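K.L.:
The primary structure of each chain is shown beneath.
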Amino acid sequence: MLELRDIVVRYGPVVAVDRVSIRVEEQQVVALLGANGAGKTTVLKAISGLLPCASGDIAWGGGVISKLPPHRIVRAGICQVPEGREVFAGLSVYDNLRLGAYLRRNRHAVRSDIDRMYEYFPVLAERRDQAAGTLSGGEQQMLVIARALMSSPAMLLLDEPSLGLAPLVVQQVFSILRRICDDMRLSVLLVEQDAETALSIASYAYVLEAGRVVVEGSSVAMQGDESLRRSYLGY
Amino acid sequence: MRSVLHGHPRLVGLVISALVTWLLNEVLFPTPLNGYLVVLFAYVGGVVVARLSRGDHRYAALGPLVPLVFLAQNSIGVTELTQILILAIAALGLDLITGWTGQLNLAQGIFIGLGAYVTAILASKHGWPILLTLPLAGLVAAAAGLLLGVLALRFDGVYLAVLTSAVALAGPVLLLHYKSITNGVNGIIVNQPQPPGAFADWLDTDQWGYYVTVVMAIIAVCISWNLLSGRIGRALRALRDSPIAAKGIGVDLTRYKVLAFAVGSFWAGLAGGLYAMTIGFVSADSFGLFYSIQFLTIIVVGGLSTISGAFVGAVVIYELSTNVQTIGFATTVNGVALSIPQAAVYAILLILVVIFAPKGIIGIFSDKSDWSRLTQRLRGGHNRSTDVVQAQADRPPIVRLDAPEDPHPAITSY
Amino acid sequence: MHLDLQLITSGLAIGSVYGSIALGLVLIYRSTGILNFAQGEMATFSTYIGWSFVVSVGMPYWVGFLLAVLAAFLLGAVVERVAIRPVQNQPHLTVVIVTLGLFLLFNALSLKFWHSDVRPFRSPFPSGSVHVLGTYISWVSIGIFGVSLISMAFVGIVFRFTKVGLAMRAVTSNPMASALMGISNGRILSLGWGLSAAVGAIAGMLAANRLLLDPNMMQGVLLYAFAAAVIGGMTSPVGAVIGGLVMGVTNALVSSVSWIGSDLSLAATFIVLVLILLVRPQGLFGRQIEVRV
Ligand SMILES: Nc1ncnc2c1ncn2[C@@H]1O[C@H](COP(=O)(O)OP(=O)(O)OP(=O)(O)O)[C@@H](O)[C@H]1O
Ligand SMILES: [Mg+2]
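Those protein sequences? They're chains C, F and X, same order as listed.
For the first sequence, my numbering assigns the number 1 to the initial residue and increments by one for each residue that follows.
For the second sequence, my numbering assigns the number 1 to the initial residue and increments by one for each residue that follows.
For the third sequence, my numbering assigns the number 1 to the initial residue and increments by one for each residue that follows.
Okay, chain C solo, but in the shape it has when bound (with noise of 0.2 Å):
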């Protein structure tokens, strides 16, 4: 289970997360909604390790995690598919991959992982040898995903999947991550601007404002008001 506790993140003198508290359940996803700078993809950040955390702490399975870098915070199972198609653009996309299970020991393991990617997203099959920069925003898209899984984490922060991508293939990212939730038995932090899809996947979600937590409650009790989906999902 991940908990934010209180967390507090600042750029310098601005606060861009303010007291946040989070909660994550073993293989639940959880959808994190908001306006555009409204600190959603700083508070993945702060999970990772990419930030540090002015205060407040963040606890993962039995432990606090809120002090330790980027590559800890990995190997205790979370990973992070940040936003914005981070890929190693002049490696290929084998190798991206690879670069996903760098902290795994098991060869054999990471090469059948390799495979059942490939079969999740066989645009990468076709394209195992290409520089992952000449991919297409969608493969890219793709790829970030499929190399983030390729770790085998317990924990997915997702920032912003959908981003760019047409509204087919994101329908068809979205399905394969359902699958792939169920297969690998994931928990997820979903960050997303399109809050009815987001929706319809997580069982719980939170409304940042301005860095902090606005309203938290059930995907189906948040589908049900029609005024809040108004006021702050814009839907």
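For the record, the hints were derived by calculation from the structure and aren't laboratory data.
Just so it is clear, the structure is predicted and the values come from calculations on it, not from any experiment.
Straight line, CA to CA, 35 Å or less: simulated DSBU-like cross-link-like pairs of lysine-lysine:
1. F/K125 - F/K179
2. X/K163 - C/K67
3. F/K179 - X/K112
Given chain C's structure and the hints, the job is docking chains F and X with the ligands onto it.
P.N.:
For chains F and X with the ligands alone, kept in the frame of chain C given last:
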């Protein structure tokens, strides 16, 4: 001159500096007093007066130049002070190039060398009066600097570092090669000029050299000041802080970068001429990459983009490079005597300064945040200011939409 | 200028030394954007360590050689950790100043421990020559060239075919993403510095006999290595190695022209460097790097 002396408080600060110096030097301490103390007192006096009269205290930094005029009789050695001022003049020039316009120049030493050779050749081989060669030394170096500055426009960052260090490495070799002009490894001996008739009774050669240098330093400071306090100064600051933004608001990058290189090299050449005049010997191996790095060290340790930084840095580096052996950095580790060589101390100082006090000595004293950052880093603490605590008060209520009994239902199917 | 095979091979030998130092510069530059001015001085320092093992302690040459390379590796890694990492995110000028400080530091340390007199250091290669294509090529040249090439090829293999090499390429390509893969960027960068220093030490050991071992041995080499790295556009390892070889050969040929001599060949190198920078700033092999705002 107008903008330097504009406004009474600054003028008053300067006058007070002069008075304090005179008092300290002649009345209170007729015995030789440590010159740095005098300079410090004079500076503080100038600052206090400027502050009290609500003037800009930075202008009182000119104060230290005033006491210098009176220091030739006692205090620290005149020759020592002369060399410090020469270093400072060249450092001022380098600061214009590297500090103000952000162009890393590792060839300042070779421009000093150029100036030194101009003076030495004209004075020794052609019998020119030495004072007449000084502006020419500056101009020749400025011309070379102009050339390098135009070249430098095509490069930035690491390429400029490569280019200028190549100049610094290749320059001395070239100077040594053309023996017919430079006398090769034998170098050129320059006869130090005698003070002219009217001064001959009061001053010896060293003191005369010292006063010439002081005058040059004052001219250099005044011109730099005028250059940097007005419109050009603002443009240069914009350029340094964000080159691309400066371009956006219409600052002509090209002109200022080249100008900085030319003027900065002029000061180097002038300093070179003074060097030849006061040391009395010029040889190419003195002007290599190490020499250039020394000036970079001066401006970094003193404080980049500050005029006083060049002087403070020059004092520190000069003293360090001449006295380190006697200061006694020798220690024993496990009974083995270990003395750290001078250049190593110098290098470690440089590294420590950029890591811990990136604004240099001037920055430490003039900028509170820098000082607290330094002490904090030394203590290893984190910088947590109060706004987090303050924010606690106004936390908005969180709307919970759930039935309370089951806030986090585990998901088994979608 | 006569195209003398003997001159060319001797140029290739010293060129491989330039190439090694340039390779070290490029490895560090492409992963961190840092120009390591201390690359040559660290090599000199490590060479002295090797010299001490071989001459003072009396170890067999190749044992001393390996120890020196190992020491250099550790030295590089420690330098990264202690001096570079604290300023890594500082402005460019700050980082360059730190490497200049290291340049001074290692020069001073070499001077301190081994003094300024030239230390004779015998070459590990036989002194004779071999008769090829109508000329004689010295074993020393062949040895320097061969060992340098092997060491550079080793670096290439590490980068291309090992997991650590993959991680190094990942950190170079996208440090944020590599941290999210569980790679400790700091450790990888330390490793990169260690590797660069080790390659430099090999170059220093090989060149010591030819250039004469003194504390300033590598300063001229550094200029040629800069030129070589610039030929490679600062980012291409292969370009840097080829650049080094080109510099070595042209230099040998230019120096042999009577009215130029070895003094002016340094200046000629400088002119070549400026011309390359003017005509093709991205180098003959490199790609254009975007300027970060
Ligand atoms: N490196 C930074 N330096 C300063 N401020 C930053 C930095 N990164 C983000 N911010 C600020 O922090 C706030 C939160 O940014 P964040 O990236 O977390 O938003 P977000 O919710 O992910 O937005 P989006 O939906 O557009 O991705 C914003 O106001 C942003 O301007
Ligand atoms: Mg975001």
